[in-house]
Structure formats: structure tokens, C-alpha cells
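Novice: This is what each chain is made of:
2 protein chains.
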Amino acid sequence: MEEVLDIEKSFIIDGLQYVNWTPELLREAIRGGVNAIHVTIAYWENTQEALVNIETWSQRFLEWGELVVPVRVAADILAAQQAGKIGIILGFQNSSPIEDDLRKVEMMHERGVRIMQLSYNNQSLQATGCYEKSDSGITRYGREVIKEMNRVGMVIDMSHSAEESTVQAIEFSQRPIAITHANPSSFHEALRNKSDRVLRALSESGGMLGASLYPFHLHNGSDCSLEDFCNMIYETANLMGIDQIGIGSDLCLNWDYRTLEWMRSGKWAMTPDFGEGSASDRDWPKQPDWFSSNLDFRNVIVGLLQAGFNQTEVDKIMGENWLNFFEHAFRPQSDLDIASSAMSESCG
Amino acid sequence: MEEVLDIEKSFIIDGLQYVNWTPELLREAIRGGVNAIHVTIAYWENTQEALVNIETWSQRFLEWGELVVPVRVAADILAAQQAGKIGIILGFQNSSPIEDDLRKVEMMHERGVRIMQLSYNNQSLQATGCYEKSDSGITRYGREVIKEMNRVGMVIDMSHSAEESTVQAIEFSQRPIAITHANPSSFHEALRNKSDRVLRALSESGGMLGASLYPFHLHNGSDCSLEDFCNMIYETANLMGIDQIGIGSDLCLNWDYRTLEWMRSGKWAMTPDFGEGSASDRDWPKQPDWFSSNLDFRNVIVGLLQAGFNQTEVDKIMGENWLNFFEHAFRPQSDLDIASSAMSESCG
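From first to last, the protein sequence lines stand for chains P and Y. Start counting the first sequence at 1; every next residue gets the next number (my numbering). Start counting the second sequence at 1; every next residue gets the next number (my numbering).
Hints were generated in silico from the structure; no laboratory data involved. Mixed in with the good hints there might be a few duds.
[Unchecked claim] Listed next, the in silico DSS-like pairs over lysine-lysine satisfying Cα-Cα at most 30 Å (straight line): (1) Y:LYS133 with Y:LYS147; (2) Y:LYS133 with P:LYS133; (3) P:LYS147 with Y:LYS133; (4) Y:LYS133 with Y:LYS286; (5) P:LYS267 with Y:LYS267; (6) Y:LYS267 with P:LYS133.
Turn these sequences into a full structure, and let the hints steer you where they fit.
Specialist: Right under this line is the structure:
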């Protein structure tokens, strides 16, 4: 198939990666046809620590300007594509960076952050995480944060949140939300994967699921076949609709074990929590052979075509759906209101 | 009765006050016979803000040294009594000062903090607050924090926490916990007051309840009679045992409305939350006539005697129970283990 697939003509947005970026890894992503990536810059970081991580990217946008551009609105992704660069969408995998201060939502949006999870595995001030025993749903502060994220144009991401919290976030949010990186529980039972109830509620509200390639989210883990993965996407598209699904590879590259320990245990435990791993198998999981770097999206494209999608559908899954979603999601509500009011005036 | 009551011979510990302290107010408390007070130095403060508040007290211990001494162990209260000063127990009404960093429990203990609530009205990282709709109990991080508070000798206070979280904290903690300021729901139905289920579990584990004199926790509010209040204590002593109850007056003095707004809304809401009040009645509630300052503990003593307690029992309620509780609770677990091991050796 590689002969017939011209990766340079593809349009690819990845709904989440966690990579210790170098210019080499960015060049690899460009060669792999990737146009935009939602990059993780916080797991447990507080405000000050998250701001430092944002500044790290500010510096990269200067130093590595021939490779990356910041994405503040969806059009920046198209501009990146034109320039042969990668659009970088800054995101938090937890709400720790806004601490208990509602006004920091706007501050982080102004600093370029476009996606934030309301909780990461554990209970947060806003929502329950998927590793907790009990789920109290969206908290009093959580409702305020959702309203504020809706107002400024920051995507609510519930990838690592518990089920009831996720359903309540979908219901309470006035704008569609995302689960940037997770798979259906029906494909692989895991605390991180999502029930059909959640996926239906998500799609009915216009939200997006990014299919994950992280081995702990896959049927047969690292040995998951490309065929099984693409068939899962096919079935999920049947459940959610072809416009509500994308890729959120959760590709993790170039980190040592200590980083994984930080992701899992943060500052909240003194003895390591092994998360999806175990004491005897604690390290980063091995990626499936057919998806081990940003060069491998071509395999996914081929697999999706073989699973029964046509080219138009594959284009949607690989990038166009995320682009359309971000086109609305990254804009302040006031912009959308003006657009909608202008629309109704011109219709009237 | 005032003729027969020599307040200078009483021993009084207040389980919680929130006062904008001045030397005059401290002198008033000394005249009122108060020997120690658990003072609130955080509601929503983060680590840095809480440390500033601790430094404020460090400065006061220097400047107002003839009036106050810090309480690090229970014996400091007796030393304060000898010196005619007030022992000050530093406490947080929320877990916000330790943020998401387990090691800050020890740091705050080293800085003198002896009591910390796991949540204040809202969901925290450790436990649900009493104003939330749903209660998920003690979180993963919460269990780590309880273990650490047990280890260093910091009292777990669940005054503003929700019921299931409170019961779980009692069960999970290896050491007795406290509800420093609240009343039974049977006396006055309020989100802040506690069910018989909670009070029974608390007393069975050796924990303490501090009876509150804050009007929102009282039958008939500001018009609550001294008789009703003292009869409530009598009934609660029947339920919990005479050794498990003290006073936690929740006396709030010398603050303006903005401070109350801070207590209620912190940084988590942009429009005011009126808490136990309402938009039309938002201000500080008026204290009952018979308890409006630290001079009025004599009224409570008289009331308790009239309610049917004997002098020994009144002494326990007014201060001795708190003293006995703090004698163990403020010491690191390792100290208690050594004492217990020495005891068993001398017995063997």
C-alpha cells in the first residue's frame, strides 16, 4: 500500500501526545505528515510550574520556529500546514494549573492553553478521576470552571475522569467537550476507557473522541493488531457518527521511567503508584510495532481504508474532524454569539 | 450565679475561633478565663499564603508575648495557664495549604500547625465538603494525607466535610479525629451539623465534638436560648459520652463583610455564594446575647450546671476533654509508639 499512499497529501491532527520534544522528533513528525499536535504540558503542575512549562514552549516557538507554530485558533493549523510546520496546541491533562482560582482559566487561555482535563486519574477540585473508587460528579467549583471554560473557549477534556463526572460535564457544558485520548471499554476493559453510555452522550452533544494508541488502552496491549484497532474505530464511528471521532494517539516518546512515575504519583503519594502498570511491570509499555513513532500514521491510514472507510471518511478521522471541532471550540463564546447574530441578521 | 462562679478557677479551651485578633481582644479572652484557642489561619489559602499567615502569628508571639504562647504540645496549654496567657493552636479550616503535595503535611506540622480540616464546604483533593450535592468519600490522595497526619500528629478535623467522607475519615484514620465546631443535626438541621450516625462513629473511635455557638448551627439561630444550647450538650453527652465533647464556639469577631465573602466564595466563584446566609441576609449573623465575646464562657458554665451536669463534668466539657485529646493528638505517632513500648516493657 505504501506506493499508493502519499502521506504529504494527508491532513493529520493528533488529539494528544506526550513527547520530550527535540528538533529531530519534530522533523520526524513533519516527515510523518502530522500537521498539528495537542501537546501535554501539565499533569500535576500548579500555576507557577505550568507557567514555566508554557514559557518553555514560548522559547521553542522562537528557537525552533522553522518547525513549530503555536495554535491559538484553528486557522493556525492550516497556516502551519501551508508552511510545512507543526501546529502546537497547548493542553493540561489536569486542572491543577488553575488551582482553586477561577480567574486562572482566562489567564491560561490568554497564555495559549486551549485544552484542559478536569481531573487526572484522581479526584480534583472539579471532577472525579477514573481511578477513584467513588465518583461524586462535577463539584460546585467544577461547574464554575466549566462555565468559564465555555466562555473563554477552552476545551473541556474528560479523558482521565470518572464516568459520572464525564456525563455531568457533557450535560452541564454549553459547548461540546472532548475525550482527547481513550477507547471504548467494549474494545478493552480499562479504567481509562469509556462506556457506550459516555460515548453516546459525547457524540449526541457534538463532542469528539480521540482513539488512543497507548498499549494499556488496547485490546491485547502492545500486541494489538492494526486490524483490531481500525475495526474498533469502525465500530465506534457506527456508534458515535463519522464526524465525532479522531485520533488521540497518546504517543509517549523520549521519557525515562522517572517521568512515568511523576505522571502516576505526582506529589500525592510517597510510595509509587503503578497506575495502569504494576510493580513487576512498571515501565513505559512497548508501542505496537505498527505505531511506534510519528512516522507511523501512514499505517493507520492504510488500516482504516482496509477496515472499510472510504478516503473521505479517513480524512475526517485523521484530522478534519478535530479541525472542525477546534474551529468552534477555541473561540470565545462572545465571538460565536457575534457570528450567530450576524448570521441571523443576514438571514432576516 | 455570678457570685459563686470564679472564672479564674475555670479551665477553658475553645476548639475553634475565627477572630481578627488585637491585644485588646486577647486581654478580653484572658479576662474571660480562656486558656487556649484553636485559631483559624486558612480557609482557601494555598501553601504560600498559609505560610504568610503562620508568619503573622510568629510575629505576634514576639510582639504580644505577654498575652499569647504557641501550642505545639498539650503541655504548652498548661504552661500558658500558669503564665496567665492564652495558648494558641494554629489550624487550617481546609486542606488547600498543603495543595497536592503530601510532604507539606510534615512541613506545616513543623511550622506549628496542629489541626487541619480535609475539606471546607466544597470538594477538596482529599474529601467532599458538606455543601456539595454528592459525596465520594475519602479520595486516593486523602488516604495518603490521613496516614501522614496520623504519623506527624496533626488532628484531622471534619467540621465542614460531608457525611460519607467524615465516616470514612473516622474509619480510615488510625487515630481519633475531631469535629472541632458543629452541633447535632437533631438540634438544628443544617448542612454543617452532624447526624447521630456521625457522632456515634466519632465517639466510638475516641474522637471529639466541639459544640458550636455560631448562630447558623443553633436552634432558633441568634435567638437560641442558653438553656436550649446547654440541654443540647447534655443530650449529646448522653449520645457520645461525657469525655468526647467540648466547646468549639466558632466565635467570629472583628471582621468586615468582605472577610465573610472570602470565607464563602474564596477564589472559586466570581459571583458571591452566600453560604449559610442568603442574598437578603448576607452579613455576619448576630451572636446570641449570652455569648457575644470571650467574656461569656461564664454564662455557658452556669448554663451547663443548670442543665444537670456536675462541676467535674462541666470542667471536662469546658477544657479538660480537649486537653486530654490534644495530649495524644499533637504528638507524632513515633512518640506514642515509644511510650507504649516502654509501658509494655515495664509491665513485662
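Novice: Evaluate each hint against the coordinates.
Specialist: Tested hints:
1. Y:LYS133 with Y:LYS147: 27 Å, holds
2. Y:LYS133 with P:LYS133: 18 Å, holds
3. P:LYS147 with Y:LYS133: It holds: about 18 Å lies between the C-alpha atoms, which stays within 30 Å.
4. Y:LYS133 with Y:LYS286: Between LYS133 of chain Y and LYS286 of chain Y the Cα gap is close to 28 Å, so the pair holds against 30 Å.
5. P:LYS267 with Y:LYS267: At roughly 23 Å apart (the allowed maximum being 30 Å), LYS267 of chain Y and LYS267 of chain P satisfy the hint.
6. Y:LYS267 with P:LYS133: 28 Å, holds
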